[in-house]
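Novice: Those protein sequence lines, which keep their order, are chains Z and P. To convert a position in the first sequence, counted from 1, into this note's numbering, add 14. To convert a position in the second sequence, counted from 1, into this note's numbering, add 14.
Careful: at least some of the hints might be erroneous.
Repeated chains share a single entry, so a pair holds when one copy, or any two copies, can fit it.
[Unchecked claim] Listed below are the simulated EDC-like cross-link pairs for lysine to aspartate or glutamate, each with C-alpha atoms no more than 16 Å apart in a straight line:
1) 38 / 54
2) 109 / 217
3) 149 / 173
4) 228 / 66
5) 181 / 135
6) 181 / 66
To be clear, the hints were calculated from the coordinates, so they are not data collected in a lab.
2 protein chains.
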Amino acid sequence: MSTNQVLVYGGCGALGAVLVTSLKKHNVWVCSIDLRPNEEADANIVVSELNDWEKQSTEVHERVAEVLDGAKVDGIFNVAGGWAGGNAASAELVKSANLMWKQSVWSSTITASLAAKHLNENGVLSLPGALPAQKGTPGMMGYGMAKAAVHQLTRSLGEKGSGLPDKSTSVCVLPVTLDTPMNRKFMPDADHTTWTPLSYMADLFYGWMTTGEKPKSGSLVKITTTDSVSTTEVL
Amino acid sequence: MSTNQVLVYGGCGALGAVLVTSLKKHNVWVCSIDLRPNEEADANIVVSELNDWEKQSTEVHERVAEVLDGAKVDGIFNVAGGWAGGNAASAELVKSANLMWKQSVWSSTITASLAAKHLNENGVLSLPGALPAQKGTPGMMGYGMAKAAVHQLTRSLGEKGSGLPDKSTSVCVLPVTLDTPMNRKFMPDADHTTWTPLSYMADLFYGWMTTGEKPKSGSLVKITTTDSVSTTEVL
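Please model the complete structure; the sequences and the hints are all you need to start from.
Specialist: This is the structure:
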């Protein structure tokens, strides 16, 4: 029997896929929202509107309403996002900033509006942040802006009048580097004992949803890994 | 004789128009960038590409390069922006977030890339922030995200490797409420002695450009007004 119902936004990414697998082991009912289906998920919403934020929001809302058919979810975990570099002198600055905005902020804003409609009273919403964006990020300006916006949205969601269910909890996870296959490929010589395992992230989300032990709503949760040991700290 | 050359991004807004008038009194050469021309400005760039960030950037860059014809500017003051409300339950959330992003972040990103090409070694770049966005803004989520992104961009611009000229200074101004005709119209009963006069802002920009006394690059400058007296504080 499924004990919880969850939406995973970005269920086909490196973290999303590990999260879906982990949630299925715990018998959670999972709906993945991504550009392609995740075969392990119980339901899939494949996003086709990629050029218009309002149309993408309408598409996702319509499909989620159909799939849930009035049921509520206990968790909405947004693990979408990507990375692009570029400083003010880069010819690609606007292009990369636009891509970062679409990947992180479009999805996070739509996630927030989904939570207002479909999240349970005691549910958990998580958004994808990044620790470096708490300061300046001169070599990756578009990435920093997008993540800073997601951090600030999380603060807004944690306050009275946010439009979310009263006792629900919104948090943002701020890792430094996740231990993904792509990061291994592009940074083979980095110190991998400082990278955060995807399974740690998946366990964190599941724990927040099920144990009742979770950060205060609106929290930015810093996640660091030293000598292969990961820890969290609420900022 | 013109002693300084300046770009004003948003030269037709309430603050922009006051800034252009003030700069002209000081014999500054002014180029306004906005959706319509400012008749007082020495040159005008009228933005027509409103739906595509990259195209807008290309349009503005081409026109600025033509107008400056190899000359550098001493100041680039971005005073563009608007306001829209909306929490996570608002049907207009994405629409308003999109508008806020276009007004504040498109223009600020393009401003940063203009500065990389055209700002003098000791020049000043200013971006439009907002004090409320340093915390959560549950009733105006799109506005808060856009301003938070501009704040973080300013931090990036102040660091080594930003792509800006070495000794240039990038700042972000964070007022609470500016004393504009529109704010007077919509908030007639508010305490106007706590609103910051537009002339104060104009004097601030001119002073940073000409006196050599200015905040450290990357600073967020909080601007508050009490009993009609305005003060700045670097955050």
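Novice: Which constraints among the numbered hints does this structure fail? Numbers only, ascending.
Specialist: 2, 4, 6
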